[in-house]
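Asks: Given the sequences, and given the hints that come with them, work out the whole structure.
Spelled out from the first residue to the last, the chains are:
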Amino acid sequence: MAENNIECNSVVDGNVEEVPNKKIIKFNPPLYKQRYQFVKKLVEQHQPKKVADLGCGDACLLMILKYQKCIEELVGVDINEERLKWNGSRLSPCMGDHLDPRELDLVITLYHGSVLEKDCRLLGFDLVACIELIEHFDSEDLAKFPEVVFGYMSPAMIVISTPNSDYNSLFPSAVFRDSDHKFEWSRMQFQTWALDVANHYSYSVEFTGVGEPPAGAEDVGCCTQIGVFRKIAKATESAVLEHHGKHVYEVIYTTSYPSLQQMDYCRRVVTYLVYREVNRMKRRYQVSLRQHELEPESADNGNPTRKFISDPPVPVLTEADKAMEMIPQPFCIGDKFYVPLERIIAYPRLGHICGNVEKLREFLADVVELNCDGSAVKVDLHDCGDY
Amino acid sequence: MSGRARARARGMALSPSAAEVGRVQASPLPLSVALSDSEASSSSDHVGTSRISQKCEGGLSSGDAGCTFKERVGKIRREMMDLSVCTREKLAHVRDCKRGSSGIPVKLVTNLFNLDLPQDWQLYQYHVTYSPDIESRRLRIALLYSHTELSNKAKAFDGVILFLSQKLDEKVVELSSETRRGETVKMTVTLTRELPASSPVCMQVFSIIFKKILKKLSMYQIGRNFYKPSEPVEIPQHKLSLWPGFAISVSHFESKLLFGADVSYKILRNETVLEFMTDLRHKTGMSCFTQTCEKQLIGLIVITRYNNKTYRIDDIDWSVKPTHTFQKRDGTEITYVDYYKQQYDITLSDLNQPVLVSLLKSKRNDDAEVRMAHLIPELCFLTGLPGEARSDFRLMKAVAEETRLSPLGRQQRLARLADDIQRNKDARFELETWGLHFGCQMSVTGRVVPSENIIIQDHICQPVSAADWSKDMRTCKILSAQSLNKWLVICSNRAERVTESFLNCLRRVGRPIGFNVNHPKIIKVQENPAAFLHAIQKYVDPEVQLVMCILPSNQNSYYDSIKKYLLSDCPVPSQCVLAQTLNKQGMLMSIATKIALQMTCKLGGELWAVEIPLKSLMVVGIDVCKDAFNQGMVVVGFVASINPRITRWFSRCMLQRTTADVADCLKVFMTGALNRWYTHNQGLPGRIIVYRDGVGDGQLRTLIEYEVPQLLSSVTEASSNTSPKLSVIVVRKRCMPRFLMETGRTLQNPPLGTIVDSGATRPEWYDFYLISRVACRGTLNPTYYNVIYDDNGLKPDHMQRLTFKLCHLYYNWPGLISVPAPCQYAHKLTFLVAQSTHKEPSLELANSLFYL
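Residue numbers (UniProt numbering), protein chains in the order written: chain A, 1 to 387; chain B, 1 to 852.
Misleading hints may appear alongside valid ones.
With a straight-line Cα cutoff of 30 Å, these simulated DSSO-like cross-link-like pairs (lysine-lysine) come out [as the list claims (entries may be wrong)]:
(1) B:341 x A:40
(2) B:186 x A:49
(3) B:341 x A:336
(4) A:378 x B:397
(5) B:107 x A:85
(6) A:50 x B:228
(7) B:733 x B:107
(8) A:182 x B:186
(9) B:397 x A:85
(10) A:26 x B:341
Hints are computed from structural coordinates only; laboratory data are not their basis.
Here the structure is a predicted model, which means the values were calculated and not measured.
Replies: Structure below.
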């Protein structure tokens, strides 16, 4: 009861270094943040799609990773159910995610369970992070751990961080950094263990760390030592296993983000972008008309289909606008203003989302009025709908 | 936004309209610019906070049950304050029963749901102290929550105050925990209060429980309401999304605890503030871009892209760019660009955009430090509508069409919410642990009171529809009208022809109703506000009875300047008509009829009456609204009847600053009205009933402590022997309950004259709901009446019927309106002053309805 009530891998011990009694060793940014930054950088470098944080605690690492655009599945596993319950809602999409959806789907799930148990939902990951986790295992659990994570889950990449006890000589007291730590390894101990595991499960491993030692004590190494493991052989069996494995973990929280991969969100975004572009072009057209009114001799009143003048008098032409001059231009018949779909799709963001005109037409069906052959968007020229 | 615009913008002095900024800068307190994101603004001094700061600052009041209790309990919500004002116990005649009796009973479905609690349910409030003291709220919560003693118990904790639905074994419980650092922390949990379910504190706890539940149902809190962004209604042509949602409340009605929900929509702009600015710049050109931009944006609420917070735009800082640096709480400097990239993986596209400035409210009520948040326009979405959009009728129509719900549609939404709450596992669990049971929708029995007869000069008519009797009285003579002999018409040259035909029309419709219109003097002027005003100044003399202006456009400057001059400087009744209105072919007769009636009223005429059984009754309407220009000023309108028939009115209006001033001013007005009554009726009225509109949440006590005594003192001073009896009724057009009538398989709005005085009323008040309006589409809102003072001792039934009668007397509309006529008159008057003239109208006009 009296101990272990804040089962948090890194919040607390991350700060231990900051508040020692005599000698103050202060990391800036704080050490725990440096560890998360390290994982975030790995993600930026390797662009994994599926990422799991084992021993996710308060889900702070997940909070950072949820903003990464490449990730499509984010999983946190922890043994403390209460903590997961409190923190789950922090991971839910925010209102902005509905207004400006992500490009890719994102599902975040928090599982209650022990990382020493096998659950098939943890198969097939690209990156598994075990930040300040292994030092909480007793020897029996530590022995089981590689078999589960390396052997069973077998992700493409694993990152493991743990305290470097060589560094502890710089601390005033001789005890472990945290009362729940079962061991703290020297670099030699960690690397021996890591290489052994890596060999056994066909991973390569690189060692690094965060929390640079102070000047004059470089030989103790970084305060946190990190091993980055990468799978050598490509596993093919995991995909098969996925369907037959057991569900051991309990889902505490799960959320799915709106994204452009979802039809309704995609259609909505496309519609807005189209309206925005059409209105922009219409406004330019109106401005050009007004200029013609000032110089009546240049107005071509006889011709009902007037060529759109793309030179906007107010904004300077951007490079993109110049490129657009090559593409079919908006035109006007009577009091209707038409923008060819080809012109709309040339707008880079829409081009990126829709790909081709057929797809765009499909998106706009029933939502936006098109001309009779479906080749252009049709709006009222004098609609003062925008304010 | 181009660099050019920026350079121009920067060269320009900030307009003085940015009063907010001036105030902040004048403040002697240090300003720390905190980034909108909490990570940057939270301190990381103590264990645990640094990682969780986002949560603590996030204002997620129910993400975790205990999160923001201190603020909420410390600051009782304003409508809760009203509930502690028990007015009914002082009113002996309604202590036992406040229900009326007349009318036909009707069964109504409400939007209230039963919330059942065990009989002996209590809430236990504990105070928790830590030794050694721990500052981090999150750590405090974590230490306490992890105790087996408390796990599996329904609890809400803000770090100091703990609420439990089950009592602990001991009054004082000592717990000890060890932090991960190995430090032993002793926690003392002391019982401070046992609260019955009816306590206002419990209402707040219930509200927080429901906030938590609605979040579980994927709803997001904006302001006080909850919205579902995953099911938006789209209006793409206007760049709008409407998020459906609910306003909720938990409260005691009569004998029951009820959960109320009303459908609400949040309007969101599907564009960022940056896009809005770029658009605006194209439209306005650069010369007045910054002013227009500030005018349109300041005061609006934005949602950020990256967190769930809303901010009010208080200013725009044109001198700060995303490439500038700011100081994080830990002292390090970082550019906005880098910050958003690092924190949220967001790349800013426009490095020239300015920043929006939002002043952050201090959560702890001590205004020790004014903090500002800088927001990047590109990362903010606008909510609500700017003023300009509100006057775009196409847009408003589109919004109305999407948000208007039929009675059945509304009921379906409610049923779905109830279903979601009952089916969601987490929601059910949450309710169960607190011992709450979400029950069925409540029905009440209302009464439909008989319809009223309308008295016109030569006969009494029973209108076909009480909602609109314009047809019934098209050719009837009105009660009294002065003939219009000397008057002016000012129009532009262009409008001469339409003016002529309109005047013909006016004469034609005037004759049958008894309103004689002579030829006016027509003055033709140029199309500009100054020319109109100049003509008025030149031609108006004391004999002119009325000035009519045919305005070429609905630009405010015409209307405002004319009204200001003719209301205060040179008091003459005036009638402004838009030229384009007169161009509507085929409508001219009905337009002329309406204008003729308005002109009659402005000259002091009376149109119709209803039967008032009480002899010698004065009714008064009071409304208060904010002045559009002068911040902190309120406009007080006071309209009192000055004849027993209730057809003639005395109207006063004044600008005031404080609530005490408002009360003082009401005393002056009341004395003035009594004098006026005295001169007209050679005596004082026997009874006075005051309808007070424009009351905000939490103001009930002020009304009882200041306004009622001032009104009373005016009344008692008026006579040495028997002074008039006074009643004061608070009128509210917005209230949570709604009533729908079941007819066969479908639902309808209840009929006109439906009164509800049970079930959905409050036990501590003498209150009732009245439906005095029809809606062809959409759902009706009842008007809520709360009698806070009553010397008259009328039976509740008579009070209700009288109120209904008074809803028939608004001369600008031949039909029933949603509030008693004097309230609507007072509203019309205050609106005119607050929006257009900003100046007290002359006393000379007080005897006519000059503001119609």
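Asks: Does the alpha-carbon distance linking residue 397 of chain B and residue 85 of chain A stay inside the 30 Å limit?
Replies: The given pair, whose Cα atoms are some 44 Å apart, is violated under the 30 Å limit.
Asks: Between residue 378 of chain A and residue 397 of chain B, does the CA-CA distance stay at or below 30 Å?
Replies: At roughly 21 Å apart (the allowed maximum being 30 Å), residue 397 of chain B and residue 378 of chain A satisfy the hint.
Asks: Regarding the pair residue 341 of chain B and residue 336 of chain A, is the alpha-carbon distance no greater than 30 Å?
Replies: Roughly 43 Å separates the two Cα atoms, so the pair is violated.
Asks: Between residue 50 of chain A and residue 228 of chain B, does the CA-CA distance stay at or below 30 Å?
Replies: 28 Å, holds
Asks: Is it true that the CA of residue 26 of chain A sits at most 30 Å from the CA of residue 341 of chain B?
Replies: 25 Å, holds
Asks: Can the restraint linking residue 341 of chain B and residue 40 of chain A be considered satisfied, given a maximum Cα separation of 30 Å?
Replies: Answer holds: residue 341 of chain B to residue 40 of chain A is near 12 Å, not above 30 Å.
Asks: Starting from residue 733 of chain B, check that the Cα of residue 107 of chain B is at most 30 Å away, please.
Replies: The given pair, whose Cα atoms are some 22 Å apart, holds under the 30 Å limit.
Asks: Going straight from one Cα to the other, do residue 182 of chain A and residue 186 of chain B come out at no more than 30 Å?
Replies: With Cα atoms ~26 Å apart, residue 182 of chain A and residue 186 of chain B stay inside 30 Å; holds.
Asks: Mind checking the alpha carbons of residue 186 of chain B and residue 49 of chain A for me, to see if they're no more than 30 Å apart?
Replies: 45 Å, violated
Asks: Going straight from one Cα to the other, do residue 107 of chain B and residue 85 of chain A come out at no more than 30 Å?
Replies: Distance of about 44 Å is beyond 30 Å: violated.
The structure fails to meet hints 2, 3, 5 and 9 from the earlier list, while all remaining hints are met.
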